[in-house]
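So the chains spell out like this:
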Amino acid sequence: MDVNTKYGTIDIAISGLKSQNKYIEIIGSNISNAQTTKTSSGEPYKQIEARFKSTGDKFGTVEVEQTEAEGGFKRVLDPGHPDADEQGYVKMPDINLPSELMKLNTASRAYEANVAVLKRYQKMVERTLELLK
Amino acid sequence: MINKVNSGFSQAIQNIGKSNSTNKPNQELSKTIKTAGEYLDKVDQQQVNADASVKQMLAGNEDIDSVIAKTAKADMSFKLLVGVRNKLVEAYKQTMNMKI
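In order, the protein sequences belong to chains X and Z.
Residues 1 to 133, numbered by my numbering, are exactly what the first sequence covers, in order.
Residues 1001 to 1100, numbered by my numbering, are exactly what the second sequence covers, in order.
Keep in mind that the hints were calculated from the coordinates and are not lab data.
Careful: at least some of the hints might be erroneous.
[To be verified] Pairwise CB distance ranges (calculated):
{"#": "1", "chain 1": "X", "residue 1": "Phe52", "chain 2": "Z", "residue 2": "Gln1094", "range": "47 to 57 Å"}
{"#": "2", "chain 1": "X", "residue 1": "Lys58", "chain 2": "Z", "residue 2": "Lys1093", "range": "28 to 38 Å"}
{"#": "3", "chain 1": "Z", "residue 1": "Gln1045", "chain 2": "X", "residue 2": "Val76", "range": "21 to 31 Å"}
{"#": "4", "chain 1": "X", "residue 1": "Tyr89", "chain 2": "Z", "residue 2": "Asp1063", "range": "17 to 27 Å"}
{"#": "5", "chain 1": "Z", "residue 1": "Thr1032", "chain 2": "X", "residue 2": "Ala113", "range": "31 to 41 Å"}
{"#": "6", "chain 1": "X", "residue 1": "Asp57", "chain 2": "Z", "residue 2": "Lys1093", "range": "46 to 56 Å"}
{"#": "7", "chain 1": "X", "residue 1": "Gly80", "chain 2": "Z", "residue 2": "Ser1066", "range": "45 to 55 Å"}
{"#": "8", "chain 1": "Z", "residue 1": "Leu1088", "chain 2": "X", "residue 2": "Gly60", "range": "34 to 44 Å"}
{"#": "9", "chain 1": "X", "residue 1": "Arg75", "chain 2": "Z", "residue 2": "Ile1064", "range": "40 to 50 Å"}
{"#": "10", "chain 1": "Z", "residue 1": "Gln1027", "chain 2": "X", "residue 2": "Lys58", "range": "24 to 34 Å"}
{"#": "11", "chain 1": "X", "residue 1": "Glu49", "chain 2": "Z", "residue 2": "Ala1091", "range": "56 to 66 Å"}
{"#": "12", "chain 1": "X", "residue 1": "Ala69", "chain 2": "Z", "residue 2": "Val1054", "range": "36 to 46 Å"}
{"#": "13", "chain 1": "Z", "residue 1": "Gln1045", "chain 2": "X", "residue 2": "Ala34", "range": "43 to 53 Å"}
{"#": "14", "chain 1": "X", "residue 1": "Glu65", "chain 2": "Z", "residue 2": "Asn1086", "range": "40 to 50 Å"}
[What the hints assert, rightly or not] With a straight-line cut-off of 30 Å between C-alpha atoms, the simulated DSSO-like cross-links for lysine-lysine are:
{"#": "15", "chain 1": "Z", "residue 1": "Lys1031", "chain 2": "Z", "residue 2": "Lys1093"}
{"#": "16", "chain 1": "Z", "residue 1": "Lys1031", "chain 2": "Z", "residue 2": "Lys1087"}
{"#": "17", "chain 1": "Z", "residue 1": "Lys1079", "chain 2": "Z", "residue 2": "Lys1042"}
{"#": "18", "chain 1": "X", "residue 1": "Lys123", "chain 2": "Z", "residue 2": "Lys1087"}
{"#": "19", "chain 1": "Z", "residue 1": "Lys1099", "chain 2": "X", "residue 2": "Lys119"}
{"#": "20", "chain 1": "X", "residue 1": "Lys123", "chain 2": "Z", "residue 2": "Lys1055"}
{"#": "21", "chain 1": "Z", "residue 1": "Lys1079", "chain 2": "X", "residue 2": "Lys119"}
{"#": "22", "chain 1": "X", "residue 1": "Lys133", "chain 2": "Z", "residue 2": "Lys1099"}
{"#": "23", "chain 1": "X", "residue 1": "Lys133", "chain 2": "Z", "residue 2": "Lys1055"}
{"#": "24", "chain 1": "Z", "residue 1": "Lys1055", "chain 2": "X", "residue 2": "Lys22"}
{"#": "25", "chain 1": "Z", "residue 1": "Lys1099", "chain 2": "Z", "residue 2": "Lys1042"}
{"#": "26", "chain 1": "Z", "residue 1": "Lys1042", "chain 2": "X", "residue 2": "Lys123"}
{"#": "27", "chain 1": "Z", "residue 1": "Lys1079", "chain 2": "Z", "residue 2": "Lys1055"}
{"#": "28", "chain 1": "X", "residue 1": "Lys133", "chain 2": "Z", "residue 2": "Lys1034"}
{"#": "29", "chain 1": "Z", "residue 1": "Lys1055", "chain 2": "Z", "residue 2": "Lys1099"}
{"#": "30", "chain 1": "X", "residue 1": "Lys133", "chain 2": "Z", "residue 2": "Lys1031"}
{"#": "31", "chain 1": "X", "residue 1": "Lys53", "chain 2": "X", "residue 2": "Lys119"}
[Said to hold, decoys possible] If you want the footprint, here are the derived chain X segments under chain Z, 3+ residues with CB under 8 Å:
{"#": "32", "segment": "14–28"}
{"#": "33", "segment": "118–129"}
Since this is a predicted model, take the numbers as computed values, not measurements.
C-beta atoms are modelled at their ideal positions from N, C-alpha and C, and glycine is treated no differently.
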């Protein structure tokens, strides 16, 4: 038996953990930058979107691809703001905090689900090895 | 520390394999033991890797998920090795205790 053949499930579960980790990172970035009006490019912060991709051919490990969201910015009236234009409008990132928090919930549940797969698989292998006794 | 114990064990197992290899009827068992010795080397390598990745993580160069993956694999392989080893020893004992 090759040592590496029976680890498929572990690798897949771990890739799920890593992807959810990355997803939570992206959500965290979106939440903490929800009011960022200036990034290094001079523009306000753009919402980052996560896309889950399978690395194998239909079946296998997963990874996250991050892309900047399409669409523009919110225009908010705030004449006192340092980044306000002549009419007193400030361009703000178009980030919906409640929906980001919903995504955060989903991501952390998905993380737990991947942990559950990993744990259950380890238990299954242990049970199988008990047959040797 | 584990690798030292492992390499000692590996040598012992290989010695058993060698001493038996001249005996024609016993070749199957010696082959099994040799394969077990090779598998033990793989398990040892996995444990060394897992150990290294823990150190890498503590140094800040690796994320915890990879460490979990490597330790889980090493743990499972080790359990399989122990299971096979126990079974082999048991078979040996049963053979030796056979009434002739």
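Index of numbered hints that the structure contradicts, given in increasing order: The structure conflicts with hints 2, 3, 4, 10, 19, 23, 25, 29, although it agrees with all the remaining ones.
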